[in-house]
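Chemist: Knowing the structure of chain A, use the given hints to seat chain B on it.
Residue numbers (this note's numbering), protein chains in the order written: chain A, 1140 to 1428; chain B, 1140 to 1428.
Do not rely on the hints blindly, as some may be mistaken.
Given that identical chains are not distinguished, each listed pair holds provided it fits within a single copy or across any two copies.
As the list claims (entries may be wrong) - Below, in silico cross-link-like pairs of lysine-lysine (DSBU-like), each with a Cα-Cα straight-line distance of 35 Å or less: (1) K1191 x K1145; (2) K1198 x K1145; (3) K1145 x K1388; (4) K1145 x K1271; (5) K1271 x K1388; (6) K1411 x K1256; (7) K1271 x K1191; (8) K1388 x K1191; (9) K1145 x K1411; (10) K1411 x K1191; (11) K1271 x K1256; (12) K1271 x K1411; (13) K1388 x K1411; (14) K1256 x K1388.
Hints are computed from structural coordinates only; laboratory data are not their basis. Only a predicted model underlies this, so the values are computations on that prediction, with no experimental measurement involved.
Spelled out, the chains give:
Protein chains: 2
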Amino acid sequence: MRTVTKDTLTQAFLDYIGDDTDPRTRFVLESLVRHLHDFATETMLTHEEWRKGLELLMKAGEISSPHRNEFVLFSDVLGLSSLVDMLHSEPDSTPSSVLGPFHILGAPTLPVGGNMKADNDGAAIIVSGIVKSTDGTPISGAEIEIWQTADNGLYSNMDPDQEDYNLRAHMVVGDDGRYAFTTVRPAPYIVPDDGPVGELLDATGRQPWRPSHLHFIITAPGHRTLVTEVFPSDDPYLDQDAVFGVREKLVMEYIEQTDLNNIPNGIADSDKIQAPYFTVDFDFVLGAE
Amino acid sequence: MRTVTKDTLTQAFLDYIGDDTDPRTRFVLESLVRHLHDFATETMLTHEEWRKGLELLMKAGEISSPHRNEFVLFSDVLGLSSLVDMLHSEPDSTPSSVLGPFHILGAPTLPVGGNMKADNDGAAIIVSGIVKSTDGTPISGAEIEIWQTADNGLYSNMDPDQEDYNLRAHMVVGDDGRYAFTTVRPAPYIVPDDGPVGELLDATGRQPWRPSHLHFIITAPGHRTLVTEVFPSDDPYLDQDAVFGVREKLVMEYIEQTDLNNIPNGIADSDKIQAPYFTVDFDFVLGAE
Chain A
1140 MRTVTKDTLT QAFLDYIGDD TDPRTRFVLE SLVRHLHDFA TETMLTHEEW RKGLELLMKA
1200 GEISSPHRNE FVLFSDVLGL SSLVDMLHSE PDSTPSSVLG PFHILGAPTL PVGGNMKADN
1260 DGAAIIVSGI VKSTDGTPIS GAEIEIWQTA DNGLYSNMDP DQEDYNLRAH MVVGDDGRYA
1320 FTTVRPAPYI VPDDGPVGEL LDATGRQPWR PSHLHFIITA PGHRTLVTEV FPSDDPYLDQ
1380 DAVFGVREKL VMEYIEQTDL NNIPNGIADS DKIQAPYFTV DFDFVLGAE
Chain B
1140 MRTVTKDTLT QAFLDYIGDD TDPRTRFVLE SLVRHLHDFA TETMLTHEEW RKGLELLMKA
1200 GEISSPHRNE FVLFSDVLGL SSLVDMLHSE PDSTPSSVLG PFHILGAPTL PVGGNMKADN
1260 DGAAIIVSGI VKSTDGTPIS GAEIEIWQTA DNGLYSNMDP DQEDYNLRAH MVVGDDGRYA
1320 FTTVRPAPYI VPDDGPVGEL LDATGRQPWR PSHLHFIITA PGHRTLVTEV FPSDDPYLDQ
1380 DAVFGVREKL VMEYIEQTDL NNIPNGIADS DKIQAPYFTV DFDFVLGAE
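Isolated chain A, as found in the complex (with noise of 0.2 Å):
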């Protein structure tokens, strides 16, 4: 390409894609390429600046680990993750949020109606609803995994403090779909901002919390997959989440309750529950494979 000039240069690219390529890894290759070359064009990205964004991915490279992967953070703060997740939601089903680094296999199973809540603090939340079809059959067997935080907006994996799995259990629903759960209320916390995601935070006056959530995978035969978090309505970063995962359909109610005899049947430990607590009911709906 010894004529290869900037308006070429593209072109000399996909000229270079051997014809044995596998035709989807050429599509998305060729887009990704004239994006990434009209960006540096339409800005006349300066070499200064394209030091600045190398250093940012090698900085990202140095502080990932096993427990920490920066570049997925810089994918949920710049809304790539929450649009991959947006583009392949289907208008009927629950929609799908970003499942985040704090989820861990192997959580204990717990029964419908149990008690997640255990010895943690806050106020008791019962949750409860059901996983159905779009067309509202209950899934019977559907598989639910539940992590949440603290009410210190930590999850057991960061925190030291709290046991091995604490907030974070496995449910299959009986025949009526039903799932039910006593927990705390899970708090808002930051993203990890003290790597280079900070640094892009803090040139952009950006915030880096994130609202209180629980987290769900639902897995259950013929259906897709569902990874999504659910929040409360009333909770102060609703409307600024600093990776871009609340769906208004995934927008809880939680009901402030102060009859002890408003507690939904088959809930257990419920002679430990104090008023006030709060009911949220929350239906899932899970697309056809």
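Modeler: Coordinates of chain B only, in the frame set by chain A:
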């Protein structure tokens, strides 16, 4: 942003940017994120592809070190590095080209006409020319850094069999702007292809070779620093440089000489040069600062 959708996400990102943000930072980020989101939307990027991209970045971080920058290499093979060079090249000046990862500071000073070949294998090449301004005036006192591979395709800092600073020099030109040195022909080589960049090249049927070249950095007061490389016109990889570094104006002619009387004046150790040898005449034109 509880009402964020795939159609409003880009605007939501832009709305997050604080009012006090540096305008250039805002402009560059807006362009970057618009293109990133358009890329994902246009390709309907899947979760699997998203994870694959992030995995390549994570691997790039793991294989990078103070001696290897896989992110720069990604930028190189995607054409971004060359595009940034070309966007800021001036038509009347010698084009810039990629710095590459093999430059080190502190090369020994070689007088004009000096012998950089020393004991290196290979035919002698006498490279000479004028460093000048765009109006043709020689630039007195311009400083030149030169580095290149030996004929095994390795730079001194990659090859334990070469002495430190082998085939590296720093030269200061006189009032006539003339530089000259004797060396050996550098060799084509492959970019590191044992990491994620190699995976990308493999997946797209690309070869990792770069044509042979001499690297130069030229600095002079009142002029823009020139970082460039020059390539022999007969190199087999001239039209398929893996990093898009070749420009037509950076191609030099090696002229084979059989008559020792054609050795230019002022060449050190000229009695050690055997026929056939080669001469290269190449001028550098520096833009005003």
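Chemist: Confirm or reject each hint.
Modeler: Status of the hints after comparison with the structure:
| no. | hint | verdict |
| --- | --- | --- |
| 1 | K1191 x K1145 | both (21 Å within a copy, 29 Å between copies) |
| 2 | K1198 x K1145 | both (29 Å within a copy, 30 Å between copies) |
| 3 | K1145 x K1388 | between (46 Å within a copy, 14 Å between copies) |
| 4 | K1145 x K1271 | between (54 Å within a copy, 25 Å between copies) |
| 5 | K1271 x K1388 | within (15 Å within a copy, 67 Å between copies) |
| 6 | K1411 x K1256 | within (11 Å within a copy, 87 Å between copies) |
| 7 | K1271 x K1191 | between (48 Å within a copy, 31 Å between copies) |
| 8 | K1388 x K1191 | between (38 Å within a copy, 29 Å between copies) |
| 9 | K1145 x K1411 | neither (71 Å within a copy, 44 Å between copies) |
| 10 | K1411 x K1191 | neither (56 Å within a copy, 47 Å between copies) |
| 11 | K1271 x K1256 | within (25 Å within a copy, 77 Å between copies) |
| 12 | K1271 x K1411 | within (30 Å within a copy, 87 Å between copies) |
| 13 | K1388 x K1411 | within (32 Å within a copy, 82 Å between copies) |
| 14 | K1256 x K1388 | within (25 Å within a copy, 72 Å between copies) |
Checked against the numbered hints above, the structure breaks hints 9 and 10 and satisfies the rest.
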